[in-house]
Structures are given as structure tokens and as C-alpha cells.
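K.L.:
For reference, the chains in residue letters:
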Amino acid sequence: MTTEPLAVPAPGPLTQEISRVPGAHKPDPILVADGVQRTFGGVHAVDVDHLEVQRGSITALIGPNGAGKTTLFNLMTGFDRPNAGTWSFEGRPLGRVSAARVAQAGMVRTFQLTKALSRMTVIENMRLGATGQRGENLFAALVPPLWRAREREITAQAEDLLERFKLIEKRDDFAGSLSGGQRKLLEMARALMSKPTMVMLDEPMAGVNPALTQSLLGHIQALRNDGTTVLFVEHDMHMVRHISDWVVVMAEGRLVAEGPPDAVMNDPAVIDAYLGAHHDTDLGDDSLLTDEVAEQLEAEALREGNRR
Amino acid sequence: MDWTRILGQVAGEIVAPTTAAYALAAIGLNIHFGLTGLLNMGQAGFMLLGAYSFAIATIAGWPLWAAVLVAVASAVVFATILGIPTLKLRGDYLAIVTIAAAEIVRLIGRSTSMTRITGGNAGLAGEKYKYTFEELSPFPDGEFSLGPWQYSNNLSDSWWLRIVAWTVVGLACLLMWRLMNSPWGRVLKGVREDEDAVRSLGKNVFAYKMQSLVLGGVLGALAGILFVLPRAVQADSLGRPVTFYIWTILLLGGAAAVFGPVLGSILLWTVLMLIKTVMRDVIPTTVMRSEQIEMFGWVLVGIALMLLVIFRPQGILGDKKELAIRDH
Numbered sequence: 251m252t253t254e255p256l257a258v259p260a261p262g263p264l265t266q267e268i269s270r271v272p273g274a275h276k277p278d279p280i281l282v283a284d285g286v287q288r289t290f291g292g293v294h295a296v297d298v299d300h301l302e303v304q305r306g307s308i309t310a311l312i313g314p315n316g317a318g319k320t321t322l323f324n325l326m327t328g329f330d331r332p333n334a335g336t337w338s339f340e341g342r343p344l345g346r347v348s349a350a351r352v353a354q355a356g357m358v359r360t361f362q363l364t365k366a367l368s369r370m371t372v373i374e375n376m377r378l379g380a381t382g383q384r385g386e387n388l389f390a391a392l393v394p395p396l397w398r399a400r401e402r403e404i405t406a407q408a409e410d411l412l413e414r415f416k417l418i419e420k421r422d423d424f425a426g427s428l429s430g431g432q433r434k435l436l437e438m439a440r441a442l443m444s445k446p447t448m449v450m451l452d453e454p455m456a457g458v459n460p461a462l463t464q465s466l467l468g469h470i471q472a473l474r475n476d477g478t479t480v481l482f483v484e485h486d487m488h489m490v491r492h493i494s495d496w497v498v499v500m501a502e503g504r505l506v507a508e509g510p511p512d513a514v515m516n517d518p519a520v521i522d523a524y525l526g527a528h529h530d531t532d533l534g535d536d537s538l539l540t541d542e543v544a545e546q547l548e549a550e551a552l553r554e555g556n557r558r
Numbered sequence: 064m065d066w067t068r069i070l071g072q073v074a075g076e077i078v079a080p081t082t083a084a085y086a087l088a089a090i091g092l093n094i095h096f097g098l099t100g101l102l103n104m105g106q107a108g109f110m111l112l113g114a115y116s117f118a119i120a121t122i123a124g125w126p127l128w129a130a131v132l133v134a135v136a137s138a139v140v141f142a143t144i145l146g147i148p149t150l151k152l153r154g155d156y157l158a159i160v161t162i163a164a165a166e167i168v169r170l171i172g173r174s175t176s177m178t179r180i181t182g183g184n185a186g187l188a189g190e191k192y193k194y195t196f197e198e199l200s201p202f203p204d205g206e207f208s209l210g211p212w213q214y215s216n217n218l219s220d221s222w223w224l225r226i227v228a229w230t231v232v233g234l235a236c237l238l239m240w241r242l243m244n245s246p247w248g249r250v251l252k253g254v255r256e257d258e259d260a261v262r263s264l265g266k267n268v269f270a271y272k273m274q275s276l277v278l279g280g281v282l283g284a285l286a287g288i289l290f291v292l293p294r295a296v297q298a299d300s301l302g303r304p305v306t307f308y309i310w311t312i313l314l315l316g317g318a319a320a321v322f323g324p325v326l327g328s329i330l331l332w333t334v335l336m337l338i339k340t341v342m343r344d345v346i347p348t349t350v351m352r353s354e355q356i357e358m359f360g361w362v363l364v365g366i367a368l369m370l371l372v373i374f375r376p377q378g379i380l381g382d383k384k385e386l387a388i389r390d391h
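Just so you know, the sequences run in chain order A and B.
Residue 494 in our numbering sits at position 244 of the first sequence, with consecutive numbering throughout.
Residue 100 in our numbering sits at position 37 of the second sequence, with consecutive numbering throughout.
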């Protein structure tokens, strides 16, 4: 394993040699977490012994509601403080580092509930994402010649990204006037303004209409092809299966399995913990379901609905 | 009814130094609230602190520039002390702490144990600290009248003070415009919309909120100096109501608009003066006494503010487009 080249692997599934036990070592991990624990009133929301995320890959983090996926995200990105544990990003220890510094280090996240800055225009949202802006200093802000050139640069970069994300027509609209799906796209595009080495997407598909889904998947794959590492939380199994190179499964705060998508989704332990017996059933055609399964699904959907 | 006199008084409010002082304090609050979303409920505290610092330093024999610097420095220190514990918390905490802090400044200022320094309840008489400012005037002694405006050239409520006060307001507007349209202002607007989003983009939110609090507080302190130059420093004249007048002015003119505070201040004081002078003429004293009319004027302002918030929440100069997305 140590003989693995450190180069960015070609797009596609990670090599089969990587063992599939939870916490498996990767040839070139960009993010390594050890003994991370977070408790809320005695409940272990997150209790991860060891986790490595492969550089240049798309890793999916899945698990039932309450498995601690978002909490783990919050911890890794400095939005929450752990009770114990350390982690490093590109070899730099990032435990207990502020969220802003984590982002500066090149690990940028998005949120499950989108945070488009409503009373700012789309282009201003984008410009805010850029780094290295001298004009963000109070005194330099008073002297435009110091930041005009950079402003032009990031505007061009922003327009380029908006073009790719099909938001260019909305350039001068307030972000608050966008649809839910467009806000997801904007948030992702904004995160890319800083040219991060790793993006963490928290449910990028939630609330995005099917027409946009395909292009969003394309964007994520394009990111990976450009060498960016992607870690995402998602409930949409179609997306997980379709674009991820590696899947990590969490349940009750712990890692329970990991591996290539197909292998993980056929793992009996995973099916037990999360997917349920009918994970392969085509939900598009209810007539194919037996009454029993249909009732069970309805009940589950209802519970899910109540939870939100 | 004597319209010349009434309109003369109303016109007086347009250029009054007090109107300028309120506009300047509201520009400071606009940096806090309009730009950054900080709920500062103690802007009058910054004004009072600035006024005391300026007056006390002058009485101690310091030149004008040094006294102004002392006022600025005390606002910086005050804002920092308020900001360190509260800016990491949710916005509501800042509101509570600033109300309390402004009251602390007022109560310390008027306490008898401080009489030797702040003049206690009686305050500091104007003639003790006005002279450095008045001596700086380039105008000859005497009076000058222009249309409805007739004032002394240099003394107290003078032309000299009016010119300086409105020049300072103009410069503050320029500063606000420059900052609002800079990357710095963009980060503050981002903080106003969603702190966590800005944090996730690698900006140190706490530092930006602190800069905003300090800068707006400094403008408040300068406004306090302008406020006391035509009168005396008296703690109760810069109490809680002043903070709420400043809020009214900001909401009236339109938060996050550069000229909103100026327009808001002029409108509030002229309309109030118009209402009061007309009512004093029209309503016989048997129905309503003069001081009751004074109070009634404020009741009308309160009603107007409610109607404004309901029907035009973005203020007079606010952006209509913002209104359309308010429900999201």
C-alpha cells in the first residue's frame, strides 16, 4: 500500500486494493480524522475512530437521519467544537481551528439549508467568495486603486462560474429572488470562487428539481476532474451510486462501512442499518409493489415528513 | 395663523446643528444596522460619551483637535469593551448590552460623586468648553441673515457651527458611500445576511463586526460633540429617547441608503416642528397646554413610524427590490 503513487488517481472508482473496513487507509489521504467525539447531553452524536478521505476523489457520506453526518461536517469545518479528537487537512492539524481559517486552508463547505445572501445580488454573492481581496481591509477599502484590479479579476471569474452554472441571466438579481434549486447552485458556485482544494457539500441535491439535478451532478464530476476533492452528504441514492468513487456509511455517530458504491450498497450490514430491504425497489411505479411494501413505504414517508 | 413665523421655524430645523448631529449619529447606526445588521440600542451612549470626553478634555485645557481625539478614542474603547463579549453571540445580546451600557454612561455622568468632573445632574455649562471651537471660526463677530435663517456668526448656535456640522455630515456620507461600495462593505452586508455563510467563505466575522461597531460608535461620539456645541452637556438630554429618535430617523430615511439618515433627520425634525407650531396656534390652551402639545407631537411621530414600518419598511430611500424578497 505504501508503494501506491501519490498522484491524483484517474477519475473513477478507487482501486479495489483499499480494504473495506471502516477507517481504511487510503493511498493519498487529504483529510485524516482520529478519535473525533461530539456528545450532546450524553448522546454520542459523533464517535469516529479513524477516517481518511482520498485526495482527488468524490466521497459520499451516507447514513440514516441522526447518524451524525452533518455534525461531523460541522466539526471538520470549524462550525462546532469536538469533545475529543484531532484531524488534519493536507497534513495541517485543523482541530479547534475557527471556521474562517478552515476555509482559508482550502476546505470550503456548503450548507444543508442554503445560505444564499438574500439582499445581495448574485454577482455580489459570488465576489464575496473570492479570497485575497485587499479591499476587504477597512483602510484599503478607502483607496479603490488598491483593489480595482482584483475586483475586475474576480468579477470575470465569477461570471465564468455563473455561466457554467447557468445563472448568468440572474447576475444582477437579488439572491433572495432565486428558486431553491438555483440557490443551491449559487452556494456551490460561490464556494468555488476561492478555488478550494476540497469542497464539502451538505445535501447538494435536497430541493433541487430533476432538471437541475443532472447538471449539478455534472458540476461535481467536473470538479473532481479538475483535481478538487469532494466530500458530500446525501440521501439521494441515485446520486451516490452515480457519481461517488467511495462511500462511507455512518450510523449512530460511528462509521459502519466503507467501500466503492456498488459493494457498499450490497453490504448486508449497510442494508440493515440504513437502506432497508427495499432499497432497490423502483418507487416510480407503485403498482409493482405489494400492498404490504407500499404501506410500509407510505408510513416511512410520513415519518420522514414529520421529522422535517 | 402666522405662516411666516411657522415656516421660519420649520426652515430653522433644516439647517440646525442638532439635525446634523442626529443625522451623523444615524449614519453611525446605519453602519451598525443597515450595513452589518448589528442591533445597537445604545447609540445615545456613544454620543454622551463623546460629548463628555470632548468637554472634559477641553475644560482640562486641551486644544480642540486633542479633545476630539479623546472623544474618538473613548468611543473606540467603549465599542471594544461592548463588542468583545457580545459579538460572538447572537444579535439580541448586543441589543441588551448596548441599552444597559448607554444607561451606565448616563447614570455615572449624572451621579453626584462625579460632580467635580461631569458636573453631575447639572451637567457642564456650554461656555466652559465651547471657546476652542468658536475661536477657530474665520468669520468676523456679529450676525448674518440669509432668507429665514438669522444666526450669530460664531457664538454657540452659530453659522460657524452649522457649516462645520453639515460638512462633517457630508464627509460621513462620502465615507459611507465609499465603504458601502467596497469589498469591505460587501463582507459586512454578507454578515448582515448570514454570518455562517460568510464564515464558511473564510472571513473573520468577529473582526468585521468589531470594526463596524467601532466605526459607527466613533461617528456617534462625533455626533455627540456636535450635539452639545450649541447647548450644555447634560446627561439626561442624551438618554434612551435619543437612541429611539435615531432609530426612527434611520428607518424613516431608509436603512442601508447613503442619504437615508440625512433625509430622515431633516424630515423628522421639520415635520415635528410643523406639527407643534401649527397646533400651538390652532388649539386653544384650554384644550391642550403647550407641554401637552409637545408630547402629542411625539405621539404622532410614533404613529407615523408604525405606519411607515407597515407600509414602507424599506424607508423612503430604501431599495424597492429588497421589499419583494422580504418574505423569503
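Check the hints yourself; a few may be wrong.
As the list claims (entries may be wrong) - Quick list of simulated restraints, FRET-style, between CB atoms:
1. B:Met351 / A:Asp423: 50 to 56 angstroms
2. B:Thr143 / A:Gly291: 33 to 39 angstroms
3. A:Gly382 / B:Ile77: 54 to 60 angstroms
4. B:Gly154 / A:Glu545: 46 to 52 angstroms
5. A:Asp423 / B:Thr143: 36 to 42 angstroms
6. B:Gly154 / A:Ala549: 53 to 59 angstroms
7. A:Asn333 / B:Ala123: 53 to 59 angstroms
8. B:Phe202 / A:Asp423: 50 to 56 angstroms
9. A:Asn333 / B:Ser174: 45 to 51 angstroms
10. A:Asp423 / B:Gly154: 41 to 47 angstroms
11. A:Gly457 / B:Thr143: 40 to 46 angstroms
12. B:Leu237 / A:Asn333: 47 to 53 angstroms
13. B:Arg375 / A:Glu545: 49 to 55 angstroms
To be clear, the hints were calculated from the coordinates, so they are not data collected in a lab.
For each residue, glycine too, the CB sits at the ideal point set by N, CA and C.
K.L.:
Are the hints correct? Go through all of them and say.
P.N.:
A quick look at each hint next to the structure:
no. : hint                                    : result
1   : B:Met351 / A:Asp423: 50 to 56 angstroms : holds (51 angstroms)
2   : B:Thr143 / A:Gly291: 33 to 39 angstroms : holds (35 angstroms)
3   : A:Gly382 / B:Ile77: 54 to 60 angstroms  : violated (46 angstroms)
4   : B:Gly154 / A:Glu545: 46 to 52 angstroms : holds (47 angstroms)
5   : A:Asp423 / B:Thr143: 36 to 42 angstroms : holds (38 angstroms)
6   : B:Gly154 / A:Ala549: 53 to 59 angstroms : violated (41 angstroms)
7   : A:Asn333 / B:Ala123: 53 to 59 angstroms : holds (54 angstroms)
8   : B:Phe202 / A:Asp423: 50 to 56 angstroms : holds (52 angstroms)
9   : A:Asn333 / B:Ser174: 45 to 51 angstroms : holds (47 angstroms)
10  : A:Asp423 / B:Gly154: 41 to 47 angstroms : violated (27 angstroms)
11  : A:Gly457 / B:Thr143: 40 to 46 angstroms : holds (42 angstroms)
12  : B:Leu237 / A:Asn333: 47 to 53 angstroms : holds (51 angstroms)
13  : B:Arg375 / A:Glu545: 49 to 55 angstroms : holds (53 angstroms)
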